[in-house]
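S.K.: Sequence:
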Amino acid sequence: MNTSHAENAIAELRQTLGAQQVSTEERDIAEATSDTSPMRHSLTAIVRPQSEDDVGHIIAIANRFAIPVYPVSSGNNWGYGTSNPVRDGCILVDLSGMDQVLEFDAELGLVTLQPGVTQAKLGRYLEDNDLDFLIPVTGAGPSCSLIGNTLERGYGITPIADHFAAMTRVRAILADGSLYDSALSELGGKRIDRAFKYGIGPYVDGLFTQGNIGIVTSMTIALARRPEKVVGFFFGIPRDEGLEEAVRAVQRILRQTQGTTGSINLMNQRRVLAMMEPYPEGIPAGELIPDAQVTSMAKRNQVMTWTGAGAIYGNRDMIRAAKRIIRRELRGTAKRLMFFTPDMTYTISAASRFLPGRLGSFVGNIFATLDKTLALLAGRPSEIALPLCYWKSGTPPAAGRDFDPARDGTGLYWYSPLVPMVPEAAREYTSMVDSTCRQHGIEPLITLTSVSERCWDSTVPILFDPLNDEDSTRAKKCYRDLFENGRQLGYVPYRSHVETMDWYVSADSPFWRTTQKIKQALDPNGILAPGRYSP
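Residues are numbered in my numbering as their position in the sequence shown, beginning at 1, plus a constant of 93.
There may be inaccurate statements among the hints.
Cβ-Cβ distance ranges computed for the label pairs, FRET-style [what the hints assert, rightly or not]:
#, residue 1, residue 2, range
1, G190, D221, 16 to 26 Å
2, G111, D333, 33 to 43 Å
3, P489, P516, 33 to 43 Å
4, Q532, R341, 49 to 59 Å
5, P516, N618, 42 to 52 Å
Treat the hints as calculated values from the structure; they're not laboratory data. Note that the Cβ used here is the ideal one computed from N, Cα and C, for glycine as well.
Modelling step: build the complete structure from the supplied sequences, incorporating the hints.
M.R.: Pasting the structure below:
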């Protein structure tokens, strides 16, 4: 990069946006590039726009001086690179200051918001305005951007689990500096533009997801209305041989309860235990918790080989009908099928402190976990999944402080492939993950989350100590082998860590050649997020 060009660009950014919106301080850059892996990519500066006009100025200056820029929403993309760009030398465009809910159509259940609006901020907005809708929550937690997750085509667990499917409209500044908006809006159909996803003419909005042709400045998403009742259900599969039949049962449930049941999770024993107990002391680096010790932990917490979890949404009659179906389809496959409402788990969790000794501790631990899980299933932001990041490394935050796995020194890569909802595929995939992780001394923590009745999104956290070079090397090799072994079997991740984009793209591929032609047409100077899902 031309140093004088960078200096001139930074000077012009300060003059245009205000000095307080631009930083080259080492401390700020170190904080912005902290990650849950040893990777740190260099930044030229950090710029914090407050409006769409600011974004336009940033793009214009970047083009004039040929300086690459890399936008982030909240920047909390833990396990996938956090705020790091794909390549060194970018100006980080931190959009977290653009955090307004611009419009809410309560009649149609549509919210238009900016990139800095987090799960928690939307939750406060809905509460303050007495709006009865579910927040499209994810396990990433309250401080994470809704637009950021959607642009990665992320998934949640409420009735509208596919967050890209909920996206109905995008407004953006393209990499060449021009404004992008929908044809329906331009024709005067502002309200229908927000209500109808596909507009008219070629569908272009999708190019902004997992892409690098523009900076999204606002988005409209559809929200699910808060139902009369939310009931969580949990069940156990006592033997590993029951996995295939559990997959069949989940598929039958999803087919028969569409619109009533959200995503259903299947979690292996070690994954559930990682939510319930601290990582045992005395386990040598590079070794797993012994199977006998896992069995003891499972017995203590009454955790079976596989655990299923999901939620039902609807009125009393819908809940009753869905319960009948779930009971029928799991009969003979699952043990200890239980249904809970958020009020039930909260009451039992609170009452457990009056129980004596170990019993009170045991009941309190289980129902505190269930209470937080049900809050998430009920569309309320929760940090229930974040302590997992700290299981093997890092310093958990003090009471009252937000979880931040990158800031707190945890080690995490997310391996997140798509798996057909076919019993044989589930067996083949989970066996591959288990053997690959064991080979590298990484705990095999497996979740299968239904995206539809046809497909699972699996999430496998690769946990390690980033301060231990050998452990970090093991984790990275495990990540690579999971990718390669899974790819050979047909299981490919739906999103990438910034450090592994080149595993997915190829300049010789017809698909990537097509996207590159679009990129070159809209970003002739190559200034926007170079390397992000592109050759």
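S.K.: If a hint holds in the structure, say so; if it doesn't, say that too.
M.R.: Now the hints, each set against the structure:
| no. | hint | result |
| --- | --- | --- |
| 1 | G190 <-> D221: 16 to 26 Å | 20 Å, holds |
| 2 | G111 <-> D333: 33 to 43 Å | 60 Å, violated |
| 3 | P489 <-> P516: 33 to 43 Å | 38 Å, holds |
| 4 | Q532 <-> R341: 49 to 59 Å | 30 Å, violated |
| 5 | P516 <-> N618: 42 to 52 Å | 50 Å, holds |
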